[in-house]
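> So the sequence lines, in the order shown, correspond to chains X and H.
If you use my numbering, the first sequence corresponds to residues 1 to 896, in order.
If you use my numbering, the second sequence corresponds to residues 1 to 162, in order.
Honestly, the hints are just simulated from the structure, not real lab data.
The structure displayed is predicted, hence computed values, not measured ones.
For glycine and all other residues, C-beta sits at the position ideal for the given N, C-alpha and C.
Treat each hint with caution, since some may be false.
Claimed, not checked - Distance condition first, Cα-Cα at most 27 Å in a straight line; then the derived DSS-like pairs of lysine-lysine:
#: 1; chain 1: H; residue 1: Lys-140; chain 2: H; residue 2: Lys-100
#: 2; chain 1: X; residue 1: Lys-878; chain 2: X; residue 2: Lys-775
#: 3; chain 1: X; residue 1: Lys-775; chain 2: X; residue 2: Lys-677
#: 4; chain 1: X; residue 1: Lys-409; chain 2: H; residue 2: Lys-140
#: 5; chain 1: X; residue 1: Lys-406; chain 2: H; residue 2: Lys-23
#: 6; chain 1: X; residue 1: Lys-888; chain 2: X; residue 2: Lys-775
Said to hold, decoys possible - Covered by chain H, per the in silico footprint, the following chain X stretches (three or more residues, Cβ under 8 Å):
#: 7; segment: 162 to 170
#: 8; segment: 177 to 188
Stated by the list, open to error - Some chain X residues flagged as far from chain H (calculated, every beta-carbon gap over 12 Å):
#: 9; residue: Cys-100
#: 10; residue: Ile-155
#: 11; residue: Pro-486
#: 12; residue: Arg-495
#: 13; residue: Asp-560
#: 14; residue: Glu-680
#: 15; residue: Glu-816
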Amino acid sequence: MEAITITLDGVEVGGHPGMTILDLARESGVDIPSLCHDPLLTPIGACRICLVEDERSGRLLASCVTPIESGMVINTQSPKVQERRKTIIKLILASHPDTCLVCDKGNQCELRKIASDMGVGLVGLQKIPLKATIEEVNPFIERDLSKCILCAKCIRADHEIVVQGAIDYIERGFASKPATLNDSPLENSDCTFCGACVAICPTGALMEKKLVYRGTTLTNVSTICPFCGCGCSINLEVKDNQIVRARPGKEGVVSRGALCVKGSYGYDFVHSPERLTSPLVKVNGDFEAVSWDEALAKVASELKRIKETQGPNSLALLGSSKCTNEENYLLQRLARGVLGTNNIDNASRLYSAPSIVGLGSTVGFPGTTNSLNALEQSEVIMVIGANLTSSAPAVGYAVKRAARYKGAKLLLIDPQQTNLSSFAHLWLRPGVGTDLALVNGMARVIVTEGLLDEEFVTRKTDNYEVWSKELEKYTPGYVEEVTGVPGDDVVRTARLFAEANLASIVYGDGITQHLTGTDTVIALANLAMLTGNVGLGGGIFALQRDCNGLGACDMGALPDLLPGYQSVGNPQAIKTFADRWDTDLPSDGGLTAIEMIDHAIEGKVKGMYIVGENPVLSFPNQSLIKEALTSLDFLVVQDMFLTETAKLANVVLPAASFAEKEGTFTNFEGRIQRVCKVIEPIGDSLPDWEIIVQLANSMGNPMPYSSLQQVKEEIQELVPLYQDTGYMDPEAKDMHRGELEKAPLRSRRLYKGQFPSGFGRFSPVQYEPQEETPKDGYPLTLLTGSVLYHSGTGSRSSRSPRLSEFSPESYLEIGEPDATQFGISEGDEVRVVSPTGEVTAVAKFTDVLPEGMLFMPLSFPSTPINQLFGIALDPRAKTPALKACAVKLERIQPRG
Amino acid sequence: MDKVQQVPKPDLKQIEGIIASCKDQKWPLIPLLQRIQEEVGYIPPETINPIARAFGLFPSQVQGVITFYEQFYTTPRGRKVVRVCRGTACHVRGGKTILKLVKQNLGLEEGETSPDLEYTLETVACIGVCALAPNIVIGKETHGNMNPKKVSQLLGDKKGSG
Ligand code: SF4
Ligand code: SF4
Ligand code: SF4
Ligand code: FES
Ligand code: FES
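Just chain X, with the same shape it has in the complex (with noise of 0.2 Å):
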């Protein structure tokens, strides 16, 4: 590209085509002020208050709108520039109200900021309010749009950045103003308070709730969003030691402007005053806070002595999907080399260990393949067994630009319908659990139309012969009778997806929690490597529901893989980390979180360390799992809160949020990122990573780090996919695992255009009919997911006090012919009854579910759906079906 020359302000600096004086300037360290301007959204040039002076034409130009061109001789701070600016702002400010004066966004305001700036006073101000504050009932958001300087940033970024178009101008002229449909309070829109629209607000007409704080923050720090496995950039803003403020953080890949509601208002579980703050020991039936030392004394004796008479085997531990890298690698650590263990895993394993599996055994990568970014370049993107709107809100926001603004065609497999809906190019609606035939049918139209990529399937993939063979039977009429999806549709999806040239496939828990989980995801890839779309373009994204779910998996917190996924069962590297740690390891594998169960109650493991977890509501089968943990000889559980898992224990450690340590997040895509403290920890909570090297401590077997950087030095030697990612870097921003060109082969990103093992496999996968259709006596099929407003069993989301003021107890959706067939009204109170279980909730109607379908919430501790279900494994990735299940409902009464 050439190199256009302009002279600003006396000095000449250069810049590209297409660049405008506002983003030179800015390069240039020139500071021109802005109201409706941001990087991230598409320029409207209406506030004017950018304006700079041409000198050779002596025009004013807005200098976000207007391009830089050769030659150009801008001054931006000449008397006539300065002149119309001010006027411009006492302008704004004449329409202003006096409650600016006492407004809270105070220093944060930028007209005040500019105005000041300027010398322009806060004179002039309206006594009567222009448009009165909106009276909302929600804990998010407050507006008080007389405070509107109509700069329209918020109707981009909710258009934008999110594309949710909740709101929008409405009326013209001086009633204009930003509003929802009906200019109904944000509750009652389309809107998820996601808070795009408040962070990026330059005044005060958009604005948190409920802040504790309102004046200037001088702690500032950028870290990860806890919840989802998206990996949000939030940035905490702190005053004594409280965190106050949440904005999406300004260097985030991931969240590039917008976090979602959790990100943006749920961090305030930090503060909970359910926070354990010291080490708790069962007396006699009740916990008694004791010093850490005592706590620790306790629990080594217990595990040595477990293991001395037992056997090592008889120990399980239990990692987390939402503590760090180096949390995990310190677990596994003290699981195989102190107490002599591969009875590790983490709860992951009850959502994605289908990908870890089908995904290694056919693309040879235990994980997504390409960027978010690459996501949401393709041209088309199909969807399935995820809401994205409630599950991974970033990526929702990804797909959703590339559906309205990019071209992409969003093919949405999913039965219910979801805030993707309107976004589908085609939108299928299989029965649960028969999304394995569809995609064999899929594979089987572009096999017999010869729509494959036949360079890259003869080129990089081997068994495509076999594998092609066994999809014989999946005719389009074989799965429409099997699905209910029109053969039709079933033939122009495929055709879509094999006739782009960059497609991607998007999927999560409603492939992963059903029994053929594993089988799905294989089919899935081997349809992406039919048509070419693993390794370069395109590619397969594997949603992870927990912050560093995938981090847990690469650092060994399984049963049956080393940090790195190096089998336990391979000598040389069971003998790299001999050596490095100095002692034997065991070999053998060891037990998968739902077997550590099966052998608790067998009475084979006596002692248990669960960490971060809350097996008593996330595994299935409740009172089988209290059971199983109230026989163990000892329990401990290391936690924030006083979970129901916690209540149980021996045992409680308390341990420290997110925002008290330092760490790394690796996030669904394969992103690492730093996890920084931003507050002390509460209480006498401590990191688990400093628990975890206290422990080894206390049993003897000290761990030789005097440092958190020691730890992570151990793991970019011994973990190649963490080697050369920049994961020391204290600098880096944006690592990803395994990304660079020099990184060892095995461990290289995929869409290198290489397979790790040199080629991809096509494995063929047979659909069965599964148990969870409606039977005898149970004619209603359950759908369990997550909701937007809570994360996992809710044991944090609960414990926020907006969200759970927002979104406070569970319910049962129900469509309006299914409620009539049971007598059900709207509000009534209902038990859902399975073969296993039963639950009560109350009755809400909707209209996104077919027929015989109902849905219920995973997150909330009151409800707890899990004991609707058996245990039943998916038999490779030993993952329980917990997505859905039959049922039948009993009225207990109206509500009232």
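Assemble the complex: chain X is given as a structure, and chain H with the ligands must be docked to it using the hints.
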């Protein structure tokens, strides 16, 4: 406002038909809104969602366009729109009294529509025939030199007609 709520529900089938027939045009939104208004008499808020869905817009955007143009109405309008001039000339020559009489005769306040959808009452600024002041416009016809007698001739006592 409550008068409007007694109005029968708009025929969504009819509206779906209009939407479908406009779908292939290049910039269909404004012509579509005009057609709906012509055929239904106003733009029922219920149409916002189907329109948004059909054209890949957000409902809030459709509302934004509707409320931007003064020519679009989101509440039902009477078959006859009565506009009383409140321009200076008309005002000076008794326009205010005429407005009062029209209100009495129709039983409507400014901006209201009769429940039978026969009349809507509005006021306008000068309509340019000041020589004949005071003026009122009924439908497309202008009536000049208004006096109380002419008001009752033209509008009779229409109260309670619904
Ligand atoms: S509410 Fe804020 S962001 Fe939105 S138009 Fe008004 S001033 Fe701009
Ligand atoms: S909070 Fe988010 S969804 Fe709601 S109006 Fe603002 S940008 Fe739109
Ligand atoms: S919960 Fe997920 S989408 Fe929401 S802010 Fe956090 S990382 Fe981003
Ligand atoms: S910042 Fe340039 S016109 Fe508003
Ligand atoms: S003032 Fe009424 S017509 Fe001119």
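> Would the least Cβ to Cβ distance between Pro-486/X and chain H come out above 12 Å?
The assertion about Pro-486/X holds, with a minimum of 21 Å to chain H.
> In terms of Cβ atoms, is chain H entirely out of 12 Å range of Glu-816/X?
holds (18 Å)
> Just to be careful, I want the Cα atoms of Lys-409/X and Lys-140/H compared with a cutoff of 27 Å; is the pair within it?
This hinted pair is violated, its Cα atoms lying about 48 Å apart.
> Quickly compare the C-alpha distance for Lys-406/X and Lys-23/H to 27 Å and report which way the hint goes.
holds (21 Å)
> Report holds or violated for chain H covering the segment 177 to 188 of chain X, Cβ cut-off 8 Å, minimum 3 residues.
As far as the segment 177 to 188 of chain X goes, the hint holds, because 4 residues have Cβ atoms under 8 Å from chain H.
> Test the statement that Glu-680/X is away from the interface with chain H: the closest C-beta pair must be farther apart than 12 Å.
Answer for Glu-680/X: holds, closest chain H Cβ roughly 44 Å.
> When you look at the beta carbon of Cys-100/X, is every beta carbon of chain H farther off than 12 Å?
holds (27 Å)
> Between Lys-878/X and Lys-775/X, does the CA-CA distance stay at or below 27 Å?
holds (24 Å)
> Would you mind confirming whether the straight-line C-alpha gap from Lys-140/H to Lys-100/H stays at or under 27 Å?
holds (21 Å)
> Taking the minimum C-beta separation from Arg-495/X to chain H, is that value above 12 Å?
holds (22 Å)
> Regarding the assertion that Ile-155/X does not contact chain H, is the least Cβ-Cβ distance greater than 12 Å?
Non-interface label on Ile-155/X violated, nearest chain H Cβ at 8 Å vs cutoff 12 Å.
> Does Asp-560/X clear chain H by more than 12 Å, comparing its Cβ with all Cβ atoms of that chain?
holds (48 Å)
Checked against the numbered hints listed earlier, the structure breaks hints 3, 4 and 10; every other hint is satisfied.
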